[in-house]
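Asker: For reference, the chains in residue letters:
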Amino acid sequence: MEFTDDQLQRYSRHIILPEVGGKGQKKILNAKVFIVGAGGLGCPVGYYLAAAGIGTIGMIDNDTVELSNLQRQIAHSTKTLGVHKVDSAKATFEALNPDVKVVGIKERINKGNIMDLIKDYDIVVDGSDNFPTRYLVNDACVLLKKPLVSGAILKFEGQVTTVLPGEGHCYRCLFEEMPPPGLVPSCQEAGVLGSVTGVVGALQATEVLKLVLGKGDVLKNTLLIYDALRTTFRRVKVPKNPACPVCGENPTIKELQDYDAEYCRM
Amino acid sequence: MEEARIDKKINIKGLHCPYTFVKSKIAVEDMETGQVLEILLDNEEAVINIPKSMEDHGQKVLKVEKINDTDWIIQVRKEKE
Ligand SMILES: [Zn+2]
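Those protein sequence lines, which keep their order, are chains S and W.
Here the first sequence stands for residues 1 to 266, where the numbers follow the numbering used here.
Here the second sequence stands for residues 1001 to 1081, where the numbers follow the numbering used here.
A portion of the hints provided could be inaccurate.
Unchecked claim - Subject to a maximum C-alpha distance of 30 Å in a straight line, what follows is the list of computed BS3-like cross-link-like pairs (lysine-lysine):
#1 S:Lys23 - W:Lys1080
#2 S:Lys27 - W:Lys1066
#3 W:Lys1066 - S:Lys26
#4 W:Lys1013 - S:Lys79
#5 W:Lys1008 - S:Lys23
#6 S:Lys215 - W:Lys1060
#7 W:Lys1013 - S:Lys23
Treat the hints as calculated values from the structure; they're not laboratory data.
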């Protein structure tokens, strides 16, 4: 494909970068990225990926936009209150960049639909707000060998990690089992500073773009922890666990489990 | 001085930074290593910036020459992908 003059202008600050160039920008335009959740993390991730020109962005979320979302979910607006989040986000992203096709799915992600939904995408981004979904997405990506960029936030803290199945750790190498309900407060109970979702979402989008370009080092075998109150970033080594139940040498999880999908609107 | 064999010519007259460099860079990317690009331009700022940026990106600038009252040519040999 040849760039149009509009595309050369739109992506000029990318094309000038030696690590990107015209060839890298074409990789971005041909990439397909699936985002789980159109909330606090899904909004900034999708926003930057749309601006970058990711050709196809899949998004799944079953919720509609509420006023309490707008303190952090920047793809939505007062005008889209009551609208499905994936429709609201699609309108925002496609208005920003007509090169981008957004495929919105108004469902909850579950063990019955996830494999079919993500199988045609290059990279999966987890912007979900609960442990059952995080484990479901991890296990599905390991089983399908899909790169996964996982993010989480609570109060003033954010976490990001990148799972490259077969190469590095997975989420279960880090935390083998889900914490029991009630041990970790849900975001409904705990709150979150809105801008922290932007920091974590932008980190996730950057991991995605580096994977697409094949440049730099991603958070493989590493958990990055952002403490917004102290303004610190900490990198924690996460070795691949040979006894991991899903990506280890003798996995016990060979198909998707029953994940108790308790939703909290992040 | 021996004249280089020109493999490709582009005309970027009327364009400004950074599109002068963007157009030139895209042209170089589409060429083979060792081939020479000749750029025709009329933006004085780009006459300074393009050779510098090309060298920063690892390409070889063979010639920068004013050819008449308004125009310059720059010749660049592709050294690396
Ligand atoms: Zn694992």
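Asker: Run every hint past the structure and note whether it holds.
Answerer: Here is how each hint holds up against the structure:
1. With a C-alpha separation of about 14 Å, the suggested pair Lys23 (chain S) and Lys1080 (chain W) falls inside the 30 Å cut-off, and the hint holds.
2. For a cut-off of 30 Å, the pair hint linking Lys27 (chain S) to Lys1066 (chain W) is broken: about 37 Å separates their Cα positions.
3. Restraint check for Lys1066 (chain W) and Lys26 (chain S): not satisfied, since their Cα atoms lie roughly 34 Å apart, outside the 30 Å limit.
4. Only pairs whose Cα atoms come within 30 Å are accepted, and Lys1013 (chain W) paired with Lys79 (chain S) is rejected, the gap being roughly 45 Å.
5. For the proposed pair Lys1008 (chain W) and Lys23 (chain S), the alpha carbon gap of about 19 Å is at most 30 Å, so the pair holds.
6. A distance of roughly 24 Å separates the Cα atoms of Lys215 (chain S) and Lys1060 (chain W); the hinted pair therefore holds under the 30 Å criterion.
7. With a C-alpha separation of about 24 Å, the suggested pair Lys1013 (chain W) and Lys23 (chain S) falls inside the 30 Å cut-off, and the hint holds.
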